[in-house]
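Peer 1: Protein sequence lines, in the order shown, are assigned to chains A and B. By the working numbering, the letter at position 17 of the first sequence is numbered 17, and the numbering carries on one by one without gaps. By the working numbering, the letter at position 49 of the second sequence is numbered 49, and the numbering carries on one by one without gaps.
Keep in mind the hints are simulated off the structure, nothing from the lab. Owing to the predicted nature of the structure, the values given are computational and were not obtained by experimental measurement. Among the hints, a few may not be true.
As the list claims (entries may be wrong) - For the chain A half of the interface with chain B, some residues (derived, Cβ under 8 Å), not all of them: (1) Tyr12; (2) Tyr13; (3) Leu16; (4) Leu20; (5) Glu21; (6) Ser24; (7) Phe27; (8) Phe28; (9) Tyr31; (10) Thr115; (11) Thr116; (12) Asn117; (13) Arg118; (14) Arg119; (15) Trp158.
Said to hold, decoys possible - Just the calculated beta-carbon pair ranges, DEER-fashion: (16) Leu152/B - Ala58/A: 25 to 31 Å; (17) Phe115/B - Phe8/A: 35 to 41 Å; (18) Leu152/B - Asn250/A: 21 to 27 Å; (19) Asn250/A - Phe18/B: 18 to 24 Å; (20) Ile92/B - Asn3/A: 33 to 39 Å.
What the hints assert, rightly or not - Some chain A residues flagged as far from chain B (calculated, every beta-carbon gap over 12 Å): (21) Leu18; (22) Lys175; (23) Asn176; (24) Gly213; (25) Asn220; (26) Gln268; (27) Lys270.
Beta carbons: idealized from backbone N, C-alpha and C, even for Gly.
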Amino acid sequence: MRNLYLFFRKHYYIFLFLLLEVVSLIFFFHYNQFQNAAMYNWTSSVSGSINAMFYEIAEYFALQRTNFILSQENAILRGRMPEALYMTDTAIYTRSDSLLQTEYRFINAWVISNTTNRRNNYLMINKGSLQGVEPHMGVIFGNKLVGQVVSVSRHFSWVLSMLHKESKISAKFLKNNQLVSVEWPGGDYRKGFVREIPKHIRVLPGDTIVTSGNSEVFPNGILIGVIDQVREQPDENFNTATLTFLTDFNSLGYVEVVVDLFREEKVQLKGSFQEL
Amino acid sequence: MTNLVVRNSIRFLFLVFFQVLILNHINLGGYANPYLYVYFILLLPFATPRWLLLVLAFALGISIDVFTNTPGLNAAATVLMAFFRPYVIRAISREPEEELGIQPSLKGRGFEWFFFYSASLVGIHHLALFYLEIFRFTEFFQTLLRVVLSSLFTLAMIFLSELLFYPGRMQRR
Numbered sequence: 001m002r003n004l005y006l007f008f009r010k011h012y013y014i015f016l017f018l019l020l021e022v023v024s025l026i027f028f029f030h031y032n033q034f035q036n037a038a039m040y041n042w043t044s045s046v047s048g049s050i051n052a053m054f055y056e057i058a059e060y061f062a063l064q065r066t067n068f069i070l071s072q073e074n075a076i077l078r079g080r081m082p083e084a085l086y087m088t089d090t091a092i093y094t095r096s097d098s099l100l101q102t103e104y105r106f107i108n109a110w111v112i113s114n115t116t117n118r119r120n121n122y123l124m125i126n127k128g129s130l131q132g133v134e135p136h137m138g139v140i141f142g143n144k145l146v147g148q149v150v151s152v153s154r155h156f157s158w159v160l161s162m163l164h165k166e167s168k169i170s171a172k173f174l175k176n177n178q179l180v181s182v183e184w185p186g187g188d189y190r191k192g193f194v195r196e197i198p199k200h201i202r203v204l205p206g207d208t209i210v211t212s213g214n215s216e217v218f219p220n221g222i223l224i225g226v227i228d229q230v231r232e233q234p235d236e237n238f239n240t241a242t243l244t245f246l247t248d249f250n251s252l253g254y255v256e257v258v259v260d261l262f263r264e265e266k267v268q269l270k271g272s273f274q275e276l
Numbered sequence: 001m002t003n004l005v006v007r008n009s010i011r012f013l014f015l016v017f018f019q020v021l022i023l024n025h026i027n028l029g030g031y032a033n034p035y036l037y038v039y040f041i042l043l044l045p046f047a048t049p050r051w052l053l054l055v056l057a058f059a060l061g062i063s064i065d066v067f068t069n070t071p072g073l074n075a076a077a078t079v080l081m082a083f084f085r086p087y088v089i090r091a092i093s094r095e096p097e098e099e100l101g102i103q104p105s106l107k108g109r110g111f112e113w114f115f116f117y118s119a120s121l122v123g124i125h126h127l128a129l130f131y132l133e134i135f136r137f138t139e140f141f142q143t144l145l146r147v148v149l150s151s152l153f154t155l156a157m158i159f160l161s162e163l164l165f166y167p168g169r170m171q172r173r
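Extracted from the complex, chain A is given alone in its bound form:
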């Protein structure tokens, strides 16, 4: 027993090192596995208020630009009005007063922390569960894609940016609705990567990629990027391409959280199908 004690005493440095390292790694892997870990919410509100304080000051330097972006966004939003509405074609079969029913609602929020220089980037926004933000909701900037909410505290939310290795967006070509998927390969925050382009599709630089609306996260037709360069893959079933994001991830200001009012219904339907 005494020898054991002496052994620990002699090598305490290594044991303390191992202990701290293991604790760090447990934090790291635990959190990586459960993005919504409830235990992490407290830090979100602590660091949130400090980040918010800093950004409140920084905000003043960007007022003019913010105004410009806001007016631009207004124009885009006005143009999008009909698309935010869901067509109920029951009118064909029954008499109905409502031809249109709201499918998406938007919560506006201000980005208070954002990175683009890591392999896995996150944003923090100043709206949380109090305002109705929930995990899995999409986040857009104007009519452009930003990311997806992964964890919320009362006043703040963390958003998994498109610039993350786990981001894989179901997308399509604007011109012919062909489905593809978009990822970020790391490195330059302006460049993305398009996978699973069917071989028979003629792709040209400049083709626009938008969200497909197949997931319950983003509505149909949110802009992602423009094709940059097509890479033919002779020995594979699909071609790939690089794309330039239309979102400037390095200068996000006001963003909107997308609330899909039919999300539960869609998820339930998908779930019931998988059970068969």
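Since the structure of chain A is already known, use the hints to place chain B on it.
Peer 2: Only chain B this time, still in chain A's reference frame:
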């Protein structure tokens, strides 16, 4: 003694805030971003007890993690770096530890010593940080490039700080 504690505490706070409020937003060419906060570990006095070294490294890493939504990532890398510090010091110093002075500095130890000291520790930290963040080997060389460029960036900032905040004639050795 109290003076050293106060100075190091202020340095800790300053570097954490400098890192999360300013440096985390700096990004050269999509690859290089500086992690100057490890400068705190480099500058701890030679006489710092080893257990304190590890505990401070853990606290420093966790403080950064709280702001970047990466629990454990910076802590793991910083603790690893701090663990190697005594061995690196012993390996590159000709004098016994008691004669090294109060704390590591460019001015006190000379360019060569300080360069090997900071380059090896910053290298260890950045290697651990970037590879842990990716945690797969498919982007091995791209990550390596990020490690090298970011290490150079961090080292440049460390040397700049040494020259700015601890001016004076460099000792020839």
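Peer 1: So, for every hint listed, does it hold in this structure?
Peer 2: These are the hints, each one checked on the structure:
1. Tyr12: Given a least distance of 7 Å, the restraint on Tyr12/A holds.
2. Tyr13: 5 Å, holds
3. Leu16: This interface hint holds because 5 Å falls under the 8 Å limit.
4. Leu20: 5 Å, holds
5. Glu21: 5 Å, holds
6. Ser24: 4 Å, holds
7. Phe27: At about 3 Å, which falls below the 8 Å cut-off, the nearest Cβ of chain B leaves the hint on Phe27/A intact, so it holds.
8. Phe28: 3 Å, holds
9. Tyr31: 5 Å, holds
10. Thr115: 6 Å, holds
11. Thr116: Given a least distance of 6 Å, the restraint on Thr116/A holds.
12. Asn117: 3 Å, holds
13. Arg118: 7 Å, holds
14. Arg119: Since the shortest Cβ distance to chain B is 5 Å, the answer is holds.
15. Trp158: Holds, because the Cβ-Cβ distance from Trp158/A to chain B comes to roughly 6 Å (cut-off 8 Å).
16. Leu152/B - Ala58/A: 25 to 31 Å: Since Leu152/B and Ala58/A have Cβ atoms about 28 Å apart, the given range 25 to 31 Å holds.
17. Phe115/B - Phe8/A: 35 to 41 Å: Holds: the Cβ-Cβ distance is about 36 Å, inside 35 to 41 Å.
18. Leu152/B - Asn250/A: 21 to 27 Å: 22 Å, holds
19. Asn250/A - Phe18/B: 18 to 24 Å: 20 Å, holds
20. Ile92/B - Asn3/A: 33 to 39 Å: 35 Å, holds
21. Leu18: 9 Å, violated
22. Lys175: 29 Å, holds
23. Asn176: 31 Å, holds
24. Gly213: Answer for Gly213/A: holds, closest chain B Cβ roughly 28 Å.
25. Asn220: About 30 Å separates Asn220/A from the closest Cβ of chain B, which puts it past 12 Å; holds.
26. Gln268: Answer for Gln268/A: holds, closest chain B Cβ roughly 31 Å.
27. Lys270: Lys270/A clear of chain B: closest Cβ-Cβ about 29 Å, beyond 12 Å.
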